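K.L.:
Protein chains in written order, with the UniProt record's numbering: chain A, 1 to 240; chain B, 1 to 104; chain C, 1 to 312.
Calculated from the structure, these hints are not laboratory results.
Everything numeric in this text was worked out from a predicted model, so none of it was measured.
There may be inaccurate statements among the hints.
Claimed, not checked - Residues from chain B shown here face chain C by an in silico Cβ test under 10 Å; the list is partial:
| # | residue |
| --- | --- |
| 1 | L4 |
| 2 | V25 |
| 3 | N30 |
| 4 | S78 |
No residue lacks a Cβ here, since even glycine has one placed at the ideal position from N, Cα and C.
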Amino acid sequence: MTLDEILQSLFPDGHDIARTDGLLSGSATMKGGAVAAVIGVEGRAPLGVDGALKLGGHVLDALERGGDAPVIVLVDSDSQRMSKRDELLGLNEFLAHLAKGLILADLRGRPTVGILYGHTAAGAFIATALATRVLVGLPGAEPEVMDLPSMARVTKLSVEVLTEKARSTPVFAPGLDNLARTGGVLETWDPSKPLADQLAAVLGRADTRDRRDALGKERGGRPKAADIAERVRELATRAG
Amino acid sequence: MENLTYRHKAKTRAPGDKPLALVGVVASGNLEVLVERVLPDTDCEVAIATTAKGFGDVWAAVVSDFVERRSPGGLRLSINDGGARPDTVALRLSQAVRSLEEGR
Amino acid sequence: MSDLTPGGTSESGRGGVSWYEASARQRVRLLLDAGSFTEFVGPEQRETSPHLQVFDLPEQFDDGMVVGAGTLGGGAVLVAAQEGRFMGGAFGEVHGAKLTGLLRAARDLTSTPVLILFDTGGVRLQEANAGELAIAEIMRAVVEARHAGVTVLGLVGGRSGCFGGGGLIAGCCSALAVSEQGRIGVSGPEVIETNRGVEEFDSKDRPLVWRTTGGKHRRLIGGADAFADDTVDAFRACALDLLRTTGPLTLDTLRNEQARLRERLDRFGACADARDVWAKRGVDDAGAVPGLPADDFIALAGRVAEPSHDAR
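So here's chain A without its partners, still in its complex pose:
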């Protein structure tokens, strides 16, 4: 689906989302009339200091206005922008700022929904889609922490060997299914049905607690994370 088709299907009652320099920001009318804040990245743009600050500011403006309407995050991005300037200026703080805004929105009763409709990777992924309460994918979305050729360089294994290993474990290989099995993506939407309905359904049953590790255990992609985290939480709660 193109971004235009996605926006049309998500917000049939209209939106005023601005699209500049690969960034999306604006608002949209939801089913039932609530006005959601919308941010995003399109066209596989990298996310650098300037973009992260702009999107972060948009989230905070929405929080300032109040209400309990959702914040929607649409993502088709590159990784974080890799440049000396971005690192010099403290890109980690800018990306963290955006993520904190999204997480705070959720904690203040503004459910956040990430919609992955294209590519994304690494720091840009963490600061946007992975900072939402619920992350869903559209068919064809291709999240990756690192592409297999780069991974081959680092691990000194051939792409063929990595591809073979990826068949037995979803834990390292790129792709929507692998990320879903590790608990990062809740569900994949059906583009032939109205996305507005699917969004409403997700909002209706979203858990405010972070249950991604438990989901990863259920789906077999992350066998240990949920149990280890819970054991440490119990021990630390008793000790503290």
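Assemble the complex: chain A is given as a structure, and chains B and C must be docked to it using the hints.
P.N.:
Relative to the frame of chain A, chains B and C by itself:
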């Protein structure tokens, strides 16, 4: 990875009061040793997981020399090895046993 | 729970022990009040990574993460420390889950501070999806804990620095203390050079790397709140100091951060080099900064760096 386990009889109980200790880290040319006092005072076990395959003879020699020198009765030593040289292994084994004697 | 003391270290106090050289366990033991540390899910439980054997790689019994509780200056704290020498301190499934659990406990307790001793290159590639999600879960847990009123401090001074997702987690903390060796960033210099070419960033140019990502630059630009000399004592003093000064994360905090980062882009966005940033910041002899001893640098930073405020 290769897994090796050596069991020895020890002349005396290893000194010290601590039930366990950990020394070293797993890195290239380095290793970690987890030592636990979980066996009868006359027994000693060294279990190794190593990235370097085919060095069983070297490990056997280093371990029996260690048991002879330190008499680590009652101890199980578990090793994760990132390809350390024998002298580094011997040093870490000694440090591990000594750590059981350090103040708590 | 265990009491694991590293061998080969003098018991005669933390004094001059180098933070950079120390292991994660040494840092924890020497940072906290003597004898106060209790570890959770320690190495004797052998909760190793379930994924490294797929790559025929060695495991570490604690998966490179030490978590537990202790006291600092008499007050209860929770603490987590990454071992930067094991797989570059990278976040894997178990490694990350320990920190997630610790932060969730802090959130539930609402008042016990958390110290995170960062030493990481980012996500562990062999378990990339699990590592990436662990970082997302940790960031969520940091914000939840801070929102509940918990102070989460980050200490950065290890050999792997604090990169990738580690840099983003650091950016979520209430406050950071950093040493000169404590490099903080997202894309490491080698990654930028590989992707963009040596003209963009020459990772072999060590002075350039240090002044772009190192602790002194982070302190001067406002990316860290305190600068520590490379000793456990110095980090302990910074931690005690920062614990007294931080507050909860609110919408105002992020509003202030928005303004702080906006001002940074406006003032320094066109600077080509860290020395230009420092000069604009008001440093008279920017070229001398890398060579300044810690005491002199701390005094300088106190004069020119942003005042500590509720904007992180």
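K.L.:
Indicate, hint by hint, whether the structure satisfies it.
P.N.:
Evaluation of the provided hints:
Interface restraint check: L4(B) against chain C, minimum CB-CB distance 13 Å, threshold 10 Å, status violated. Here the hint on V25(B) is kept, as its CB sits about 5 Å from the closest CB of chain C, short of 10 Å. Annotation: N30(B) was flagged as interfacial toward chain C, and the flag holds, the nearest CB pair being 7 Å apart, inside 10 Å. Evaluation of the S78(B) hint against chain C yields a held restraint, the C-beta minimum of about 7 Å falling below 10 Å.
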